[in-house]
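S.K.: Required output: the full structure, derived from the provided sequences and hints.
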Amino acid sequence: MMVCMRNRLLFILSLVGIAIAVYVLQGFLRQAPIVCLNSGCEIVRKSPYSYLFGIPVPGYGLMGYTVIAILTFLRTLSPKFHKQCLPWIVGIASGGVAFVAWFTYMELFVIRGVCTWCAISAVNMVIIASIAWNEYRNRK
Amino acid sequence: MKLTGESKVLLSILAVTVAIIGGATFIFSKPPAPPKPIAREELVTADSFQTGNASAAAWLVEFSDFQCPACRTFAPVVDELVTKYSDKLLFVYRHYPLSQHAFAKPAALAAEAAGEQGKFWEMGKLLFENQDQLSTAPWGDLADQLKLDRKKFDAAINSDTLKTKVDRDETDAIRLGLPGTPSFFLNGVMITVASPADLKRAVEEAVR
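Same order as they appear, the protein sequences are chains A and B. The opening position of the first sequence corresponds to residue 1 in this note's numbering, with each subsequent residue numbered one higher. The opening position of the second sequence corresponds to residue 141 in this note's numbering, with each subsequent residue numbered one higher.
None of these hints come from the bench; they were simulated from the model.
Simulated crosslink set (DSBU-like; lysine-lysine; CA at most 30 Å straight-line):
#, chain 1, residue 1, chain 2, residue 2
1, B, Lys291, B, Lys303
2, B, Lys303, B, Lys259
3, A, Lys83, B, Lys148
4, B, Lys265, B, Lys224
5, A, Lys80, B, Lys148
6, A, Lys83, B, Lys142
Just a sample of chain A residues kept apart from chain B, beta carbon distances all over 12 Å, derived:
#, residue
7, Phe53
8, Ile55
9, Tyr60
10, Met63
11, Val67
12, Lys83
13, Val90
14, Gly95
15, Phe99
16, Thr104
17, Trp133
18, Asn134
19, Tyr136
Built from N, CA and C at the ideal position, the CB exists for glycine as well.
M.R.: So, in structure tokens, the structure goes:
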């Protein structure tokens with residue numbers, strides 16, 4: 001039951017991540033202002049680091065969260081999938097944590113502006129990775 | 141493959157999320173009213189540094205911060221536009237030293253102090269070029285590079301007059317609700333530019 005709730009939580013958090021990534025990405029693509037708690041979102045968006053290999057940074061978030069959402073859904077289909085998908089979720093979430101750690105470092109020390117949505121998304125990814133790691137460590 | 145009870149729960153969560161986001165998008169997606177231009181005299185303050193044609197129909201005001209990396213990225217394009225359309229465009233530089241940039245205000249004062257000796261734009265260029273060294277407070281060295289009168293420069297950089305001017309620009313930027321730096325007003329309308337290419341496109345359209 002606990003495992004089931006954890007998977008649900010992973011699914012909900014990945015949907016939250018998708019919603020944030022879609023919102024910020026549409027701001028990039030439509031060049032529409034991004035509603036932000038501070039001036040950081042515009043500072044970050046206008047910086048050269050907001051595009052990585054020509055792809056807007058929220059695009060990577062969207063990819064990562066979408067794959068995690070799909071994997072958490074696949075886990076509900078059969079006990080076999082439930083087991084097999086977990087290492088993939090752990091791997092992708094860990095990659096996500098490494099990515100948000102790098103981007104947060106860039107925001108703080110290079111861009112010198114913190115985008116509220118990026119910060120929320122970073123915390124979200126850390127929570128997802130912690131839950132996934134916890135389940136992986138306690139797997140039977 | 142047959143859906144389990146838990147799969148159905150997740151699909152329901154997905155459906156509810158999509159419905160909430162879809163509803164919110166529909167409610168908040170009313171087309172915004174076209175922005176009202178801000179009067180020229182409100183944005184183009186008489187004592188701000190300007191270049192180009194003062195009587196040109198097209199005018200561009202930038203609120204900028206010498207410690208802001210994005211402003212540095214935009215600076216070459218601003219220079220290019222100012223040179224290319226010197227007869228068709230008026231460009232006005234105003235300060236918006238962001239609070240998170242500890243050296244932005246002294247840098248703005250250094251530029252203003254150089255401006256007292258007719259070297260505002262040259263100092264601005266040097267400040268952007270030396271953006272990574274602003275923490276060393278290189279104001280005096282930069283003034284020497286520009287062969288400024290150091291006595292006058294040092295007095296000006298510490299003067300209340302210039303501080304009041306920079307503070308006035310900052311207050312205006314906050315009052316105008318600027319989202320950050322650089323912020324551009326083209327013919328009184330704040331333009332959303334994600335890249336220097338966007339700025340170039342918007343200005344070229346306005347001067348045509």
